[in-house]
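Number of protein chains: 2
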Amino acid sequence: MATFADIATSALINLLSSFLFLLAFSVLRLQPQNARVFYPKWYIKGVRKPSRQTGGHKRLSLSHYVNLDYKAYLRLLSWMWDAILMPEEELIEHAGLDSAVFLRIFLLGLKIFSPMAGLGFLILLPINATDNNLQFKMAKNPNNPSFSDVDKLSISNVQDKSPRLWAHLLMTYIFTIWTCKMLYMEYKAVANMRLHFLATKKRSPDQFTILVRQVPPDPKRSVFTTVEDFFKSNTPDYLLAQIACIQIVYDANRLGKTLDKISRMENWLNYYQNKFDRHPLKRPIKKKGFLGLWGEEVDAINYYKTEIERMKIEAGKEQDEVMSDPKSIMPSAFVSFKSRWSAAVCAQTHQTRNPNKWITEWAPEVRDVYWPSLAIPYLSLTMRNVGMGVALFFLIFFFMIPVLAVQSLANLDGIVKKFTFIKPLVEMPAVKSFLQGFMAGLALRIFVALLPMILMFMSRFEGHLSRSALDRRAATKLYYFMVVNVFFGSVITGSLIEQLWAIINSPSIANILKNLGYLIPMKATFFITFIMVDGWAGVSMEIVRVYALVIYHLKNMFLVKTEKDRDEAMAPGNLLLNENIPRLELYFLLGIVYSVTTPIILPFIMVFFAFGYLAYRNQVINVYDPDYDSGAAFWPHVHGRIIVAMIIEQLTLIGLFTIKGPVGFAQTDVRNKSLSAATFMKEMLSSTPFLVALPIGTMIFHVYCKKRFRAAFQFYPMVEANEKDRQEEKDTPDLDLQKYLDKSYLHPVLKEEQEVQGRFRTVKTLRRRSKDLEEVESGSDDEGGRHLGLEGDLPAAHLEELEAVPYTPPYDSQISKSSELLLDPSHRHPHLKSDGSSSKLYYDSLPTSSSSRSSNQRE
Amino acid sequence: MATFADIATSALINLLSSFLFLLAFSVLRLQPQNARVFYPKWYIKGVRKPSRQTGGHKRLSLSHYVNLDYKAYLRLLSWMWDAILMPEEELIEHAGLDSAVFLRIFLLGLKIFSPMAGLGFLILLPINATDNNLQFKMAKNPNNPSFSDVDKLSISNVQDKSPRLWAHLLMTYIFTIWTCKMLYMEYKAVANMRLHFLATKKRSPDQFTILVRQVPPDPKRSVFTTVEDFFKSNTPDYLLAQIACIQIVYDANRLGKTLDKISRMENWLNYYQNKFDRHPLKRPIKKKGFLGLWGEEVDAINYYKTEIERMKIEAGKEQDEVMSDPKSIMPSAFVSFKSRWSAAVCAQTHQTRNPNKWITEWAPEVRDVYWPSLAIPYLSLTMRNVGMGVALFFLIFFFMIPVLAVQSLANLDGIVKKFTFIKPLVEMPAVKSFLQGFMAGLALRIFVALLPMILMFMSRFEGHLSRSALDRRAATKLYYFMVVNVFFGSVITGSLIEQLWAIINSPSIANILKNLGYLIPMKATFFITFIMVDGWAGVSMEIVRVYALVIYHLKNMFLVKTEKDRDEAMAPGNLLLNENIPRLELYFLLGIVYSVTTPIILPFIMVFFAFGYLAYRNQVINVYDPDYDSGAAFWPHVHGRIIVAMIIEQLTLIGLFTIKGPVGFAQTDVRNKSLSAATFMKEMLSSTPFLVALPIGTMIFHVYCKKRFRAAFQFYPMVEANEKDRQEEKDTPDLDLQKYLDKSYLHPVLKEEQEVQGRFRTVKTLRRRSKDLEEVESGSDDEGGRHLGLEGDLPAAHLEELEAVPYTPPYDSQISKSSELLLDPSHRHPHLKSDGSSSKLYYDSLPTSSSSRSSNQRE
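Protein chains in written order, with full-length UniProt numbering: chain S, 1 to 859; chain D, 1 to 859.
FYI, nobody ran anything at the bench for these hints, they're computed from the structure. Be aware that one or more of the hints could be misleading.
[Unchecked claim] Beta-carbon label-pair distances, calculated as ranges:
id: 1; chain 1: S; residue 1: Glu728; chain 2: D; residue 2: Ile696; range: 48 to 56 Å
id: 2; chain 1: D; residue 1: Ile401; chain 2: S; residue 2: Tyr704; range: 53 to 61 Å
id: 3; chain 1: D; residue 1: Gly387; chain 2: S; residue 2: Ala5; range: 53 to 61 Å
All residues carry an ideal CB built from backbone N, CA and C; glycine is no exception.
Generate the whole structure from the sequences, applying the supplied hints.
The following block contains the structure:
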């Protein structure tokens, strides 16, 4: 078993290698060619600009590749200060709240574990070390499993029934209370940060927009008309007048895929073009078959050019289909309001009797919307969730079965038998031992690497509407996977599925707890190694960005022609919350579970958190470009998982104390599995009352926190909405919200299509669409003022008119008049009426009442 | 063990006695003196009227006491038709939706169990009866517990591993699907009834009113002002103008108790007065001490007269305190709006950042409000709930301990030893056996009778705001109590607490299931008896109203002087949903659990449901006067409990099939408790896949129902609110909603005080209060129109004025003007400003701006 010397050596090696990685990073980041790998965020923000216009691949001076300024090397580690010194507010401004709060998780780890480590080293370690339980056991039964030096410092070394155990019991309470206090303060701080963030967030369409789902199908009317009519007939005039626009949802997933394909092909075209430019004599060729490995040989450049042309035509057709085919219109709509308050009213209330119709909720941030989910039928969501729940259960508990199966299939001997020619090579002892070691873990490593993808796929299948929700769901799945497979999987001997049956069928639930209480402290050495190898090394790898570095330079070599290409090649990536949050939570679990039994593990975890904080702060500042900003919506998740960790710790300790029982309590052998109910009760009653309050108290604490802070992550308070509306009205009285909100929630593929990639379209489509666009534009200019009139000035003549209408307040009648104008189908574009397609925007459909004639004439 | 003859005899006796009870009822109900006991509902509705003005106790003709009309006796059982023939719509109109839906539970029972009984008798009974497992076992081991005739018809009589078991397996699926179908249809029907009920319900203050809780304390401002300012500064003008009135909540619990005391004393005064009237020579005396058993003797009439006078003065003082002491003002307020839509917006949305401040929810129906709960600090609710959860756990599992303790203390021998004089009486064999039998169950009977009160007290302690919620919570508690103590308590041998430990520590969870699966079918005979004794007899007792009959005649004899007194003596009672619903649910549990194993139990349950339906329909029509109508809010509760019953059944069957295992499956002895995990797995995998889908499917069904229908019981849809508002506007355009809503949510004690029992007050208070009332009245007449002006006609002059204000829509400015008028504190009553008491109604505070001067002058 591992001695202290072993662990110290291992720690030294790991620290040194981490330091070398940091040094490598410090040098690499100074090289000009790497700037886009290590500082992409600044390029995106436009602070760093390309130094030179490098058109082709001319040979440049050495300084283009290597930083020759010796001064820079003197400040080799300055990036650390740069990373740490940026104030949190600036960080939020720079990288978003998600990133800032993600970094706070590291700090929370330090805050929780530093005093624990202090108390543990001052009080618990001496108490454990000066006892001699293990030596005693060793002497009594030499066949006992040997123990490591770490075990000597753990609670295992304290004799059963020893009064020393009171110290551990007391510490459990102190640690639990301390953790709760820190969690509470953090939850409060994050909730306030989120509310402040939302309150000061600048205007964005999601603040005004709700998503209406489950619009009931109506064969006679389009989705757009249905939504329009619904609000018209079921909303008080006040709210009706607040509606700014209705945007329907297209299922443009296929079009999206086609466009992706085109962009991949354009990459290849670039590659071959570059190749040809460099060697103008040799025209590049490619094979048409699978992966370019076989098949007919063709001229690559011509092939891709024609293919791209063909695909673009196809994309144009598909787009037309999307816009015109009623089947590609989902029974959902984004409805935008002219005030946040009105949107909040509609988002938080239930509209109709049938809770599966007309479901309203806040629209996610525009870039946060996960569009493919919008195409999933709402009623299949329950079944999908149930299905994925079952699948997750099997994945977690049966994960090891395929891994082991593949492992046994892919053993070295089997491979050698098939490919006899590699036999001599494999027979070499050094190669053989390496290969055997490598192959053994290979299958597991591949499966684990695939895991986040599998879990993300499962979460996608569940149909969450936003990327942030997907990340959170995938993170939850990964956390429970790791708790079972990494934590319990390492602690428990035998396969997990055996243990699961043992739990159902076991001698007793209490005995399971006891077993865990007995086994967990024994695994401390293993987890110390795990923290160093997985945690410390993982952070080093992260900061050097090996993968990104290689890919960037490859792309740079083969694909990049213009600065724009280079920008695209940067691939700054993002925080990968779905992977990183559960990983951090696992370290919380380890720290909390071992805090009382084996506090020597804590410094290793603290090093991980400190090092991780430094590394990820640098990455957040210089590298990552988040896809979205959910405003730390993941915090309740983090909080909840740490609570789970605490409960696991407390149950373990209940088990442990039932075995070891503090002063004067009955002692029982853990291997005596057939405890009678009476003995068990006596035991429970004699030791657990001291501990059983802990999980109950923790649960109450959790419920309290949920009641106290959860709302900040679920609702947008009416008061805040109203305040922000008033503030905006004061600051920008002339704001044209309707224009601002219009098309904000159009499927990005269609938007792109319309705005940028007009060149994709066939001539015929092009002609038709441009005419549509013209109409839209002219219409919005001419008549936009008419339906926006309610917001601005109201001419006195209007009022005189209204005096004639008795008993109705002028504002109301004004609303009803203009809302008729807004909503009466007879005013709509004849084109829309005739073909029944409602794929027009609200905004589009309005002004055409007058311009429709002109467009007809043009046709 | 019970033979068929035993059961038949028992059934006959029970049926006969029930029939006798019915006959007694049929005769008793015809007697004129009993009319107020059996037809109070009609007196309350004013359909039946007192026949004669009977002032005193003059001797009247025989016909006053006995119905001499022989024709009435010919139609002795006509009440049955009357009860059954009233159509459901009329019933809802007559007795409320709660009662109508309560009766549907009986029908649901019949609907579920009739086809089950049919199939069970046609298919399962012959299959069970023609096998010979029990005889076989008997032969093999004569020491086996003997079996009853009922067991011969149960699944126990089918040999293990017999292919006959496939029939049971199939039936389980058919029964489950049938039950789900019925539950679904019923949930749908009830949800629709509720929605229809709410939609057609006539105008009531709760439709317009929300309850605001957790108004943050402000030492400088009163609660009223705080609420007022909150809405003024945080609500868009549109919604602000919709506020009709703000009513603050007083803690008048003490005053309520004093008033109760006074009314009890008045009863006693009446009693002695009547006594004196009948025997004018003997002045009645009473002893002042405990329960009137000892102490100084005084003249009873004078004593109560002076006491009542004293108490009334006290009540007057208390009332003044309540109205003026800021401490008796709770940090809550009822805020009424002028439209249902606006109320729905405020009730369904979250107002501020802090979820524990400014909590808004729908106000319960006025008569449904449980006022004492409003005085409970909101933040203590969580702790109260946790505490009551723990208390309920102990009550359920340790309930038998005090019962057994009391039982052992109060045994006959001990009593005889103390009171030797009763020894000769007790020694008589007949008396002794009766007494021993009676005493044995006495403690249990007393505890069980107290149970609903204990559970209701616990629910009250949890602080629910409405009586309906209290009833539902108490019902939930009683159901789980009965499931554990009545159902499992009867099935499992040994004390419950032992079993609980056995579950935690047991050989395996699976073995518990097996034990249950083995034990439950054996108890069928017991439950058949239980259904007859508890169910059938219970219903007979209910219809005769023995207790009410006795109390009414006692009151009539001693207390009643006027017709009003007689009305009060009727005490129609209500449905006691908190007791009756869990009782019905228990019968569902029995029926569902035994439907497959022992279908012979089903007819007994069907008789109960049919008989109960008849009896309770009569009671609902003729007797009960519900305290509130929650609109069948208890349905999700009933649905959920039946689902629980189904899950219990399915788990039992899984256990049973694991023992008996259909064709070809491995057979295991239930007494072999140390099954290895592997054997268990093999077993589970070989038999459970056929059944394990059932509980999973049932849970999915439950979640689906919840998603589909639950909303109808939780939210008031915006569309409905808006429709109803529009309808009302059309129907009654001149409605003065402000007047209608004003004071609707004043504490009933204070209302009573103000409106009826002015005589209680001291002269001083009376003068002050009457002046206040004058002000209120004059104010509302003079100036009510001013702040209501927004709703009605708006003179043209107003509009001209408004044209001068540019850029703000006229309606807005009108609102802000009038809302200033409404809400500016400077306009409020000087009295309120000076003493800081905010105990005035919103409505009161408004008109006083002009009338305050006049009131000051009068002072």
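Here is what the structure says about each hint:
For the pair S/Glu728 and D/Ile696, the beta carbons lie near 51 Å from each other, so the given range of 48 to 56 Å is met. Range check, D/Ile401 to S/Tyr704: Cβ separation about 32 Å, and the 53 to 61 Å hint is violated. Take D/Gly387 and S/Ala5: their Cβ atoms lie about 55 Å apart, and the range 53 to 61 Å holds.
When held up to the earlier numbered hints, the structure conflicts with hint 2 and nothing else.
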